[in-house]
Each structure stands twice: as structure tokens, then as C-alpha cells.
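Asker: Chains as they are written, first to last, in this note's numbering: chain A, 10 to 492; chain B, 10 to 492.
Keep in mind the hints are simulated off the structure, nothing from the lab. Everything numeric in this text was worked out from a predicted model, so none of it was measured. Do not take every clue at face value.
If you want a taste of the chain A side facing chain B, the calculated C-beta under 10 Å gives, among others [claimed, not checked]:
1. V90
2. S92
3. R179
4. V282
5. P316
6. T350
Derived lysine-lysine pairs resembling BS3-like cross-links, with alpha carbons at most 25 Å apart [said to hold, decoys possible]:
7. K151/B to K382/A
8. K151/A to K151/B
9. K151/A to K382/B
By construction, the Cβ of each residue, glycine as well, lies at the ideal position given by its N, Cα and C atoms.
There are 2 protein chains.
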Amino acid sequence: MAVDFTGVVPELSLAVDRSAGVPLGQQVQETLRAAIRAGRLRSGERLPSTRQLADQLGVSRGLVVSAYEQLLAEGYVVAEVGSGTRVAEGLAADRDTDPPDLPAEPPPDPLPVARIDFGYGVPDLRAFPTRDWLWALGDALKTLPTADLGDGSAEGDDHLRAVLAGYHRRVRAGCADPADTIVVGGFRQGLTFVLGALAAHGIDRIGLEDPGPREHDHIARRAGLRVSAVPVDAEGVRVDDLRATGARAVLLTPAHQCPTGAVLGPTRRQQLVEWAHEVDGVILEDDYDAEFRYDRQPVGSLQGLSPDRVVALGSVSKTLAPALRIGWVFTPRRFRAGILTEKSLSCRGVPQLDQVALARLVETGRFDRHLRKVRESYRRRRDALVEAVAEHLPGATITGLDAGHHVLLRLPAGVDEAGVVSHARAEGVAVRGLGDYRVTADDAAREPLPPALVIGFGNVTTRQIRDGVAVLGRWSVGHVDKA
Amino acid sequence: MAVDFTGVVPELSLAVDRSAGVPLGQQVQETLRAAIRAGRLRSGERLPSTRQLADQLGVSRGLVVSAYEQLLAEGYVVAEVGSGTRVAEGLAADRDTDPPDLPAEPPPDPLPVARIDFGYGVPDLRAFPTRDWLWALGDALKTLPTADLGDGSAEGDDHLRAVLAGYHRRVRAGCADPADTIVVGGFRQGLTFVLGALAAHGIDRIGLEDPGPREHDHIARRAGLRVSAVPVDAEGVRVDDLRATGARAVLLTPAHQCPTGAVLGPTRRQQLVEWAHEVDGVILEDDYDAEFRYDRQPVGSLQGLSPDRVVALGSVSKTLAPALRIGWVFTPRRFRAGILTEKSLSCRGVPQLDQVALARLVETGRFDRHLRKVRESYRRRRDALVEAVAEHLPGATITGLDAGHHVLLRLPAGVDEAGVVSHARAEGVAVRGLGDYRVTADDAAREPLPPALVIGFGNVTTRQIRDGVAVLGRWSVGHVDKA
Chain A
10 MAVDFTGVVP ELSLAVDRSA GVPLGQQVQE TLRAAIRAGR LRSGERLPST RQLADQLGVS
70 RGLVVSAYEQ LLAEGYVVAE VGSGTRVAEG LAADRDTDPP DLPAEPPPDP LPVARIDFGY
130 GVPDLRAFPT RDWLWALGDA LKTLPTADLG DGSAEGDDHL RAVLAGYHRR VRAGCADPAD
190 TIVVGGFRQG LTFVLGALAA HGIDRIGLED PGPREHDHIA RRAGLRVSAV PVDAEGVRVD
250 DLRATGARAV LLTPAHQCPT GAVLGPTRRQ QLVEWAHEVD GVILEDDYDA EFRYDRQPVG
310 SLQGLSPDRV VALGSVSKTL APALRIGWVF TPRRFRAGIL TEKSLSCRGV PQLDQVALAR
370 LVETGRFDRH LRKVRESYRR RRDALVEAVA EHLPGATITG LDAGHHVLLR LPAGVDEAGV
430 VSHARAEGVA VRGLGDYRVT ADDAAREPLP PALVIGFGNV TTRQIRDGVA VLGRWSVGHV
490 DKA
Chain B
10 MAVDFTGVVP ELSLAVDRSA GVPLGQQVQE TLRAAIRAGR LRSGERLPST RQLADQLGVS
70 RGLVVSAYEQ LLAEGYVVAE VGSGTRVAEG LAADRDTDPP DLPAEPPPDP LPVARIDFGY
130 GVPDLRAFPT RDWLWALGDA LKTLPTADLG DGSAEGDDHL RAVLAGYHRR VRAGCADPAD
190 TIVVGGFRQG LTFVLGALAA HGIDRIGLED PGPREHDHIA RRAGLRVSAV PVDAEGVRVD
250 DLRATGARAV LLTPAHQCPT GAVLGPTRRQ QLVEWAHEVD GVILEDDYDA EFRYDRQPVG
310 SLQGLSPDRV VALGSVSKTL APALRIGWVF TPRRFRAGIL TEKSLSCRGV PQLDQVALAR
370 LVETGRFDRH LRKVRESYRR RRDALVEAVA EHLPGATITG LDAGHHVLLR LPAGVDEAGV
430 VSHARAEGVA VRGLGDYRVT ADDAAREPLP PALVIGFGNV TTRQIRDGVA VLGRWSVGHV
490 DKA
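Let's have the full structure, built from the sequences with the hints guiding it.
Answerer: Here it is in C-alpha cells:
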């Protein structure tokens with residue numbers, strides 16, 4: 010055992026730094042691991058004896074022994090009687106068959122950072138009730154039984170489910186039973202679970218409102234469903250077209266169609282219920298911003314009209330903030346077990362503290378108080394938008410003003426949608442064209458969408474609205490297609 | 010229009026309660042909706058005139074008019090010129106073709122409420138650092154930029170990802186890059202995303218440790234993979250058996266096998282890395298309770314040994330509390346996009362506040378302080394368990410003592426596992442037999458598992474441990490199979 014390692018050790022730059030504040034033993038281990046990973050110590054190569062390394066580094070031999078033992082336990086080195094400690098065979102750095110590690114892809118196309126963001130669906134984040142939420146979290150932590158810090162039930166917190174069902178009855182004129190209420194991590198997660206349950210029930214095709222959020226196509230296909238695009242007009246989804254698709258499920262935004270802003274009309278509501286009975290089908294109701302209605306009481310949830318044919322999905326993303334990631338599903342009983350199976354196979358649910366905090370926020374009236382406050386502020390922004398459009402885009406028309414915090418702005422005749430979007434972005438105004446909401450369906454060619462912009466006004470000030478619309482107007486006025 | 014509705018109205022029990030604290034208009038609406046839903050008002054039936062109903066209820070006519078308008082907008086009633094307001098056709102209550110709404114199934118078999126719960130995998134919930142967590146949430150809310158209350162990125166919070174990668178390097182001797190770190194809602198959700206990404210990469214079979222958590226079979230199948238059971242011995246998973254399955258993926262618990270408690274041996278670690286290169290495969294490392302090692306420094310993460318072949322998954326479920334629902338994935342770059350696709354198709358991620366709070370907890374040292382504290386308490390419980398077993402179950406052997414907060418208790422020869430489990434439950438002691446961890450695989454018959462109990466000691470006091478083991482011992486001693 011008189012091999013001389015003095016040549017090896019300096020090459021490895023093994024060294025410890027007494028001023029680093031990191032324990033010396035950890036430093037020795039880390040240096041050796043790094044040398045092996047990087048291939049500076051290769052398979053089969055001997056490490057210096059513990060005595061030699063201890064001497065060189067000026068540390069105790071025990072410290073080096075224990076570092077070697079650690080690396081042995083972790084599989085970096087092997088120790089054989091009579092041949093010292095060697096680097097293990099077969100570690101990654103020796104391979105030239107390693108799969109290529111591709112560079113990380115760029116993230117999917119978000120709106121660029123803009124000084125004015127008319128992005129769809131974001132509520133007023135500055136109005137988030139920070140103090141109330143923190144109070145509710147603190148209250149939840151104080152009152153939560155210790156046992157509730159465990160995994161919890163698949164359905165979600167019992168008390169929150171009762172509070173949500175009560176809220177849905179009271180504010181949304183729904184007909185929800187706490188037993189059929191399931192807490193989820195936001196609308197998208199709820200949709201995934203529901204679609205999975207429908208597929209398990211033999212439903213193989215879903216109609217999606219067109220225009221509508223494009224990602225729903227992908228989510229539905231991922232759940233194993235085929236997708237049909239169903240056109241939308243001023244009364245909402247066209248039920249005859251839905252019937253023609255042969256789908257037995259449809260995803261709707263009855264309170265405020267996304268993105269056209271249409272409120273589903275009374276006759277359509279009745280037709281939909283009839284259709285659902287006729288085909289033994291189900292309506293998924295995305296009840297996403299119904300709390301914000303400006304001219305009258307919000308139109309009640311479709312779920313209330315036909316609780317056995319409607320699965321209603323809601324969340325706090327439009328009322329409080331998307332970052333909270335809490336939503337719920339009110340389901341007819343026959344889908345309940347399927348939804349819970351989907352949920353339990355893919356996660357263990359929603360953070361318990363947040364569930365209890367949301368229940369406290371609602372039942373103490375703080376949630377309603379927040380809604381009243383932001384509803385007023387959205388109304389002011391909506392009015393500012395209407396005024397600014399009248400001033401800067403006199404040929405444009407606005408639909409979807411009754412509710413929510415986005416509208417559809419139909420561009421004046423001859424104005425190119427893509428042109429105004431790209432011009433606006435160049436000037437720091439982020440906005441989406443209606444074309445971004447074209448659903449990719451299995452079906453044949455459909456009517457073209459009119460040139461229009463989807464304007465979210467939830468998270469912009471009235472001043473930003475005026476300035477942003479002025480930018481849109483300047484370009485549009487100068488670029489009317491004379492054809 | 011002189012139809013007399015006086016007969017209808019009392020039958021409907023339409024009434025308002027002025028002392029109820031609910032606005033009268035809302036009461037009128039609710040009563041009418043309920044009557045329609047329950048079939049007391051049937052399709053085509055006329056409602057009383059607004060004047061009549063207003064008179065009867067003693068409310069203003071305007072209030073009734075607006076209630077009727079509301080029900081009209083929601084699709085409950087139709088109004089035709091000359092024929093008044095009628096209940097809409099086709100609502101649910103008229104149907105006898107309604108699908109049967111089955112009673113809710115009983116929840117899946119949980120352990121019954123027990124005075125002593127040896128359930129697997131629950132940490133000391135009483136030790137949850139309530140004050141620190143609330144501090145961290147408050148600090149997060151104070152410092153969070155408003156924009157971060159939006160949907161956030163698919164990867165998770167950038168700062169938390171850097172903190173987690175640093176923690177993995179520092180505490181788990183791992184080799185994680187923040188760019189390849191993805192925040193998820195706990196281990197199970199992370200596993201679902203990773204399995205989906207592997208399936209998309211053409212990996213069609215996964216090996217699962219047997220014994221192991223049975224639900225992983227279902228999760229893997231749901232993701233589209235076939236499942237092979239791979240036996241485990243005192244050194245961990247048997248790599249030759251893994252190779253024989255033809256699987257190109259395996260899910261392992263190297264730090265503390267679940268449920269046998271075996272620590273994956275050094276040779277096995279090297280063999281696994283070789284196997285992964287040989288088959289162009291991938292190892293999923295469930296790094297679930299590695300922070301709790303009692304005799305020495307925890308054995309480093311397998312991910313550190315072969316970062317290009319290991320996806321490591323971790324969570325705070327064993328260190329803080331399952332209820333927080335935060336976990337992470339460290340992935341080789343080639344699976345990153347696939348995992349993010351799976352994540353973005355099924356949810357929009359993890360609550361942002363919790364992410365920032367966890368980062369604050371770790372980077373301020375509060376997380377480490379908590380770990381030190383509970384590690385000591387787990388050590389005391391482990392020692393109490395060893396003593397109690399020596400006293401009450403002298404023929405039993407314990408494995409898996411080195412780490413974590415559960416052990417495997419092999420019963421003395423001739424003691425029936427199912428018998429002791431059911432006897433213990435009858436006496437209020439919840440415990441699982443090893444048989445509950447038999448993986449349901451596609452493969453042929455396997456060696457039987459020895460009679461044994463999985464004893465979790467994370468969430469029981471030393472006194473409960475002594476009492477619970479005494480219960481186990483009393484029955485076992487009296488029921489040795491003399492055969």
C-alpha cells in the first residue's frame with residue numbers, strides 16, 4: 010500500500026476553505042463527489058489513503074474516513090480489502106452513450122411584459138385582500154385540529170364544502186349539496202378530473218364553445234375525449250349545432266361567454282337542458298366570473314336549473330387571485346365517485362390551511378365585502394373603457410359589457426386584427442386577438458371569426474385603459490383596409 | 010287574463026319571512042326556484058300574476074316583477090305575450106328518464122379512528138411549526154410582488170426552485186439545477202406528471218418495489234404504463250430481477266425502502282446506474298424521509314450519483330406536514346418539457362404564497378431548526394419502540410431502524426399477521442400488515458411475504474408506543490400457531 014498519490018491530489022484541486030462556514034467534512038465529501046461526477050476521478054481510479062488526504066488537507070484522519078464511508082454508502086466508491094478505495098465502475102461521467110441533454114426549451118409564448126396588460130381573465134391583483142387573507146390563515150392555523158395537518162379526505166375539507174355549497178345556493182341560485190361538492194386546485198384541475206370521469210362513463214366526445222379558450226381542446230384530448238367546436242352567437246352556444254356534433258357533453262360559460270361576453274339566453278338554457286336529457290348528456294358549467302354583473306343581479310347558475318345534468322365548476326381565481334389555486338366542483342351524484350378516483354390518482358388534494366382559510370373568509374362576510382369593493386372598481390374601469398373606445402375607436406363595437414372583467418371589442422370594418430395586436434405590443438400594450446380563441450376541433454371548416462380584440466380590464470387602472478385604448482385607436486384609424 | 014291563481018299559491022306555500030334576515034326579493038326567487046325544481050310547479054303551469062303574488066305576500070309589485078325577470082333570464086320560466094308567465098318545458102322534475110342518482114359510495118377504506126395510530130408515513134403533526142409557518146406566510150404576503158398573485162409559471166416560483174435545488178445539494182448530496190427543478194403539489198402529483206412524461210417518451214413499463222405502496226400500481230397504470238413487481242431484500246431492490254422484467258423505468262425508495270426500511274446498498278446503487286445506462290432507462294427516486302437518519306449522516310440521494318438517469322421527487326409531507334401539499338421534481342433535462350406539459354394540462358400549479366413561504370422557511374434556517382428538533386423526538390420514539398418490542402414481542406425482529414419514522418416488525422414464527430391486525434384494531438390500535446403492501450403486478454406468482462407489521466412511529470407519543478406494542482404483544486403471545 011505504498012502507492013504515491015501526491016500526483017493525484019493536487020490535480021484534483023482537493024482543498025478545504027476554513028473561512029467558508031461549511032463544515033470541513035462536508036467540504037471534503039462535496040469535492041470528491043464533484044470530482045467523480047465531472048470525470049476528474051474516473052472509474053477504477055484509486056483515491057489517496059485517508060492518512061495522505063488528511064495530511065494534505067490539514068484535517069483529522071477521522072474526518073476523511075467518515076467522508077470515504079459516506080461516499081461508499083452512496084455508491085460513488087468501492088472498497089476492497091488490499092486495494093484501497095476506488096471510484097465505482099459505470100458512473101455517468103465514463104459514458105459516451107449518455108442521452109443528449111437538450112437545452113431547456115423556451116417557455117410557451119406568454120404575453121411579453123407590457124406597461125399596459127389587457128390580458129384576459131386576471132382580476133385586480135392590487136385589490137387582493139392581503140390583510141383578510143392573512144387573518145384567515147392565522148385563524149385557520151389556530152383552530153385547525155392537529156389531525157387535519159395530515160393527508161385529508163379526497164373530497165376536501167368538510168366545512169369548506171358546506172360553505173361553498175351554501176355560497177353557490179345563496180349567490181349563484183344554485184342547488185348544490187355539500188356531499189356532492191369536491192374541492193380542487195382551481196378550474197383547470199377540476200376540469201381535468203371531470204373529463205376523466207366522463208371518459209370513464211363512456212362519454213367520448215365533448216363540444217367546446219368556439220371561440221373559446223384554446224387550451225381546453227388539449228385538456229379534453231388528453232383526457233381521452235374527441236372535441237367538436239360549437240359556434241356561439243349573441244345568445245351563447247347554438248344548441249342545434251351542438252346536437253349535430255353527436256357529443257354527449259359540452260363545456261359552457263353561461264354567465265359570460267369566454268371570450269365573446271354573451272350571456273346564455275333563457276331559451277338556450279331550456280334547449281340545453283332538453284338536449285342533455287335527450288342524449289343522456291352532461292353540461293359542464295364554467296361559472297367563472299358570474300359574481301361581477303353590473304346592470305342587475307347575476308343570472309343564476311345553470312346548475313340550479315338542472316342539477317342532475319350539470320357539473321358546475323368554480324374557483325377563486327377571478328374573485329380573489331389565481332395564485333390561491335382553490336376551486337370546486339358541484340356534481341350530480343353519479344359522477345362523484347369517478348371524479349374522486351381521478352383526483353386521488355393524480356394528487357392528494359388542496360392545501361388544508363388554504364381550504365379552512367377560504368371557509369373562514371366566506372363565512373365571516375369578508376369575501377362578500379371584497380366582492381362589493383372590487384365590483385365597484387370594475388364598474389369604473391368598464392365605464393372608462395366604454396368612454397375611451399367611443400373616443401379613440403368610434404367604429405368599434407363592444408359586447409359582453411354586462412358582466413365579468415373582459416369584453417370583446419369588434420374592430421371597425423377593414424382594420425386588421427393581427428396588425429393592431431402586433432402594433433400594440435410594440436408600444437407596450439398587451440392584448441389578444443379573437444383569433445387566439447379559435448378552438449382546434451375535429452370538425453370541418455367553420456365560419457371565420459370577425460376581427461376583434463379580447464380586452465381584459467380587471468387588472469388595469471382607468472388611466473391605463475385610456476392610454477391603452479388610445480394606442481389601439483391610433484393604429485386602427487391609420488390602417489383601415491380601403492379594400 | 011282573469012284566471013284565478015288563488016288556488017295555486019297557497020299550495021305552493023309561497024311565503025316570505027321578514028325575520029329571516031334574507032332580502033325579500035331573494036326569498037321570493039328562492040321559493041319559486043325550489044317549487045319548480047321539486048315539481049310543485051310543473052312545465053307549462055302558469056305563475057300567478059305579479060300583482061296577485063305581490064298582494065298575497067305583502068311585498069311591492071316591483072319586487073315580484075324583478076324576481077320573475079330573474080327566473081326568466083335563468084331559464085326557469087317563459088313569458089309569452091297574452092299568456093303570462095309559465096314554467097319552462099323540459100326541466101328536470103318532469104322527467105322520469107332521469108339517470109338514477111346513486112347514493113354516494115362509502116369512502117375508501119381508511120384506518121378506523123384509533124386511540125393509537127401506527128399508520129405509515131405521517132410525521133409528528135403536533136410538532137408542526139405553526140408560528141414559523143405563519144411568519145413565513147406573512148412575510149411572503151408582505152414581500153410578494155402583486156403580479157405574482159396571477160397564474161405563475163408552469164415550473165413554479167423561481168426563487169423557491171433555487172432554494173430547493175440548493176437544499177438538495179446541501180442536505181441530500183444531490184446535483185440539482187434550478188432550471189431542471191419543478192414545483193408540484195406533493196409527491197403523488199409529481200409522480201403522475203413524471204409517469205405521463207415517461208409514457209410520452211415511449212417508456213411502457215415500470216418496475217415497482219414489492220412490497221411497496223399499492224396505490225402506485227394504480228397511478229402507473231392510469232398513466233398508461235404496465236407494471237412489474239420487483240422484489241426487495243435487505244440491500245433494497247434486486248437489480249437482476251429488475252433487468253429481467255424488461256422495464257426501462259423503476260420507482261425506488263433508496264434512503265429507506267417503503268415499507269421494509271432497507272437502505273439501498275452501495276453495490277445496488279452502482280448496479281442500478283449500470284442498468285439504467287444499459288437499457289436507456291430512468292430511475293424515479295422517491296426521496297421521502299431521508300432527512301431522518303439516526304446513526305450517521307443520511308446517505309446521499311441517488312440523483313447525485315447519476316443526475317442524467319435519475320428523476321428525484323421530494324416533498325414536505327414527511328418533514329413538515331402532508332396538509333401543505335408542496336413537493337418538487339429534479340429531472341434530467343430531456344424530461345423537463347414533458348413533465349411541464351403534463352403539469353400544464355392538468356392544473357395551473359401550486360399556491361404561490363405557499364411556495365414563497367417555504368422558500369423563506371428554508372433560507373432563514375427555520376426549516377433546518379425544525380428538522381433538528383423532530384429528529385431528536387423521532388429518535389426517542391424509535392428507542393421506545395425498540396424497548397417495547399423487546400419486552401412485549403421478544404420473538405419479533407425490527408428492520409428499517411436506521412432512518413425515517415416507520416419500521417418493519419417481523420412477527421415471531423407462527424403468529425398470524427391478519428389476526429394481530431384485526432385484534433389490534435378492535436382494541437383501538439391501528440396498524441397495517443405487510444400484506445397491504447403487496448404490489449399488484451402483471452407478473453406471475455411471487456414469493457410470499459413474511460408475516461410482519463408496518464409500524465409508523467412519527468405521530469404517536471412514546472407512551473402510546475409502549476401501550477400499543479403491549480396490545481400487539483398480548484395477542485401475539487396468545488396466538489402462536491403451534492403447527
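Asker: Confirm or reject each hint.
Answerer: Here is what the structure says about each hint:
Annotation: V90/A was flagged as interfacial toward chain B, and the flag is violated, the nearest CB pair being 15 Å apart, outside 10 Å. Evaluation of the S92/A hint against chain B yields a violated restraint, the C-beta minimum of about 16 Å exceeding 10 Å. Interface restraint check for R179/A: the shortest CB-CB distance to chain B comes to about 8 Å, inside 10 Å, so the restraint holds. Because the smallest distance between the Cβ of V282/A and any Cβ of chain B comes to about 6 Å, under 10 Å, the interface hint for this residue holds.
Taking 10 Å as the C-beta contact cut-off toward chain B, the hint placing P316/A at the interface holds, the least distance being around 7 Å. Given hint, T350/A at the interface with chain B, holds; its Cβ is 9 Å from that chain's nearest Cβ, closer than 10 Å. Annotation: proposed proximity of K151/B to K382/A holds, straight-line Cα distance about 21 Å (limit 25 Å). Restraint check: the Cα-Cα separation between K151/A and K151/B comes to about 21 Å, which is no more than 25 Å; the hinted pair holds.
Distance restraint check for K151/A and K382/B: the Cα-Cα separation of roughly 21 Å lies within the 25 Å cut-off, and the hinted pair is therefore satisfied.
In summary, the structure is inconsistent with hints 1, 2 from the numbered list given earlier, while agreeing with the others.
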